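Engineer: Sequence:
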Amino acid sequence: AVSSLNGGLQVAISLEGEPNLVSLFAHDGEEWLTQGDIRVNADSKLALSFLPAGDLLIATNKGEMIRRRLSDGAVVASAAHDLASPMWQGACGLNDQGRIAHLRLDGFGMPNARMTPEVFSTHMVLPAILE
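First residue of the sequence shown: 4, per the numbering used here; consecutive thereafter.
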């Protein structure tokens with residue numbers, strides 16, 4: 004995931020060999036600076052997206068989503084779909100109120116199946132203390 008940050012860039016990456024680790028970097032116009040790591044309780048592929056409020060959305064291919072506040076790493080919201088399977092491909096924020104678009108491929112992993120993309124709109128409710 005890439006986002007602009009104070010005239011520079013902010014990047015979140017997850018490497019295939021370490022699916023439970025998200026590394027954060029920032030580019031200040033001259034060099035890349037390490038911003039830290041976030042541990043995620045996941046054993047599957049992660050999709051990363053910066054939200055309009057500056058939080059990081061972490062989505063697994065099993066339909067789980069976690070919203071992390073980058074200033075302190077706190078989990079501010081989480082959600083999961085009832086259809087827990089490896090069909091989920093990615094997610095992105097739609098607005099500051101917690102609306103998320105989540106992409107899945109129907110038929111993913113099934114032999115000779117035609118994969119059909121589907122987009123689900125989900126609302127990740129923020130606890131009242133964080134709103």
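Worth flagging that the hints you see were computed from the coordinates, not collected in a lab.
Treat the hints with care, since some could be wrong.
[Claimed, not checked] What follows is a list of derived Cβ distance ranges for each label pair: (1) Ser81 x Ile16: 31 to 41 Å; (2) Val122 x Ala56: 20 to 30 Å; (3) Asp109 x Gln38: 17 to 27 Å; (4) Leu12 x Asn44: 19 to 29 Å; (5) Arg117 x Asp46: 42 to 52 Å; (6) Asp31 x Ser81: 23 to 33 Å.
Bear in mind the structure is a predicted one, so any value in this text is a computation, not a measurement.
Positions of the beta carbon are idealized from the N, C-alpha and C atoms, including for glycine.
Engineer: Next step is simple, just say for each hint if it's right about the structure.
Structural biologist: Each hint, compared with the structure:
1. Ser81 x Ile16: 31 to 41 Å: For isoleucine 16 against serine 81, whose Cβ atoms are near 21 Å apart, the range 31 to 41 Å is violated.
2. Val122 x Ala56: 20 to 30 Å: 21 Å, holds
3. Asp109 x Gln38: 17 to 27 Å: 36 Å, violated
4. Leu12 x Asn44: 19 to 29 Å: 28 Å, holds
5. Arg117 x Asp46: 42 to 52 Å: Cβ of arginine 117 to Cβ of aspartate 46: about 28 Å, so the range 42 to 52 Å is violated.
6. Asp31 x Ser81: 23 to 33 Å: 31 Å, holds
Consistency with the previously given hints fails for numbers 1, 3 and 5, ordered from lowest to highest.
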